[in-house]
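Trainee: Each chain is listed here by its residues.
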Amino acid sequence: MTREILEALIKIAILLGGLMTAAAYLVLAERRVAAWIQDRRGPNRVGIPLTRIRLFGLGQPIADGVKFLFKEDVTPAHVDKALYWLSPIALFTAAVGIYAVIPFGSVLPSSVGLEGQPIHLVIAPEIDVGMIYVFALSSIAVYGVLLGSWASNNKYSFLGGLRSGAQLISYELPLGLGLLGVVLMSGSLRLEDIIVSQARSGVWNIFVQPLGFVVFAVAAFAEAERLPFDLPECEQELVGGYHTEYSGMKLMLFLVAEFVHMVTASFLMAILFLGGWHFWGLTGWEETVGLPTALARVGVLMAKVLGLIFFFMLARWSWPRFRFDQLMDIAWKVMLPWGIVNVVVVAFWIEYGDRLAAAAGMANKALMAGVGLATLFLSWLVVTWADPTAADNRPVPWSASEPAAAMGDDAS
Amino acid sequence: MKPDDKDIVWIQEPELGYSGRSYVRLFVEGLTTTIKHLVGPKQTIESPEQRYQPPDPLLYRGVHRLNRDEQGRVKCVACFLCATACPAHCIDIVAAESPWPDREKYPESFTIDELRCIFCGMCEEACPVDAIELTSLYDLSGKSREEMIFDKEKLLSVYDQTKDAEPMRSKREPLP
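Top to bottom, those sequences are chains A and B.
Adding 282 to a residue's 1-based position in the first sequence gives its number in this note's numbering.
Adding 4 to a residue's 1-based position in the second sequence gives its number in this note's numbering.
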């Protein structure tokens, strides 16, 4: 028992430390990538203090952290004190708590474990409700945002919070539907099992259900409040959104939680759809492996996560932000039907796939990949044709008697 | 303003084609543009180590200088045309009787408040004897406001500092 507690404590220390460091350095990476995309160089000066050594700006996060610590933490007089304090704590705790069930590797062999036991590289190994736990915690993020905006007692914050609440709750559904196909495929809610089932067949879920991946990825972007779905902040319209009234360490908690959300979304995408720690010819799928393979699995998973994070950063500068009605239309009229279609196709395939594959004389997974691609293409075609996000935002004609007066004046 | 006001012009936005509605084209175009700039050349100059070079130093409007003639005397004849032309009123001239026979007046003191100057170059255009000119020095700084009020000696020293790199502007070829 003490061994398990000790093991869990060590893993928590490593993961929390790594996560905080990663969040700090992701801020730097974000700024550097943004600068490169804008033909600038970005922060590249801060290195080791009191020397002229620059280290490509790697000292910047430390300088930022020290700055945040020494900044005055202003609590405005008009806020609801209790909720004002609760909001960043709730948001941050929920964001970090998710990592209890997220595996960051597979299993370290018993030769390096405590008391000769293998180490599962997840804080709480073999939790049967892993995915449900993740969803339960990620929906608490909504409370953090809503509490913060309400407690701020500021109209702009509140508008941002309302939008954010609507957006986060709306995109929970496509997120869950995108996930449902994966859970049906692997028959388990445990994240380790989902990886193992992909590794065993050697076919990642993105190949057999690309539609599910699209739905999940779009919903994950929206849940992480990143561009092109960053309406909660939307600094051009709402100053800073729900954290306008925050400063000092509390603001930093909000910002770090935002980056942790991004890392979480990348982890989930990598684990659910991109095979987790699996890579062909490199990692295998066996339960017990030697130390080099175990470390290679950690490396592969980290590489996938970093690649996805880089894509998050690219996406920020690639596409314009959606209007709010478009955002809602995408959630309810595009992603939700797509998710349902994906779940139905996957369920159908689990029931009849083997028989169909035998009749066609092909491997089950190969045929399913074809079916998945066809599903994606057809669904996309239907959405393109039906165009559910089109909206005429012009006000209705003023006088009912002559409706043509307000419209089509460009001819005169 | 009511929606049926005569001054409102309703604009019909262009119809999106299938490629636009499917979002695929926008997706690809956005990503390719981003990646092109990600790996493309950078515009930033690493300032203290690399210096910005004005493309044409003789056209740049930086710190002023007071030119000297062939005998090393200040060229200015204290006609006050630059001070009159200056829209920021930053030039202050005290004229005195000239000790030299070729002119009547010379500036006993000639000060320019560089903090007030807007670097429009109208003093240079107004000068009838090409005595005041703007150089390509752009990073002037000082520790106090008084330090930024340049007197005659300072302005003449700017000439000594820049005369080799930047010859008199009146001698340059006219722009095509």
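Misleading hints may appear alongside valid ones.
Below, a sample of chain A positions facing chain B; criterion: calculated Cβ distance under 7 Å [claimed, not checked]: (1) Ile319; (2) Arg322; (3) Arg323; (4) Leu596; (5) Ser600; (6) Trp601; (7) Phe604; (8) Asp669.
Pairs of lysine to any residue, SDA-like flavour, derived with a Cα cap of 25 Å [to be verified]: (9) Lys46/B with Glu312/A; (10) Lys79/B with Val98/B; (11) Lys40/B with Glu354/A; (12) Lys40/B with Lys437/A; (13) Lys437/A with Glu354/A.
Residues from chain A that keep clear of chain B, each with C-beta distances beyond 10 Å, as calculated [to be verified]: (14) Leu365; (15) Gly469; (16) Ala672.
Hints were generated in silico from the structure; no laboratory data involved.
Cβ atoms here follow ideal geometry from the backbone N, Cα and C, with glycine treated the same way.
Trainee: Going back to the hint list, which numbers does this structure go against?
Mentor: Violated hints (numbers, rising): 7, 11, 12, 16; every other hint is consistent with the structure.
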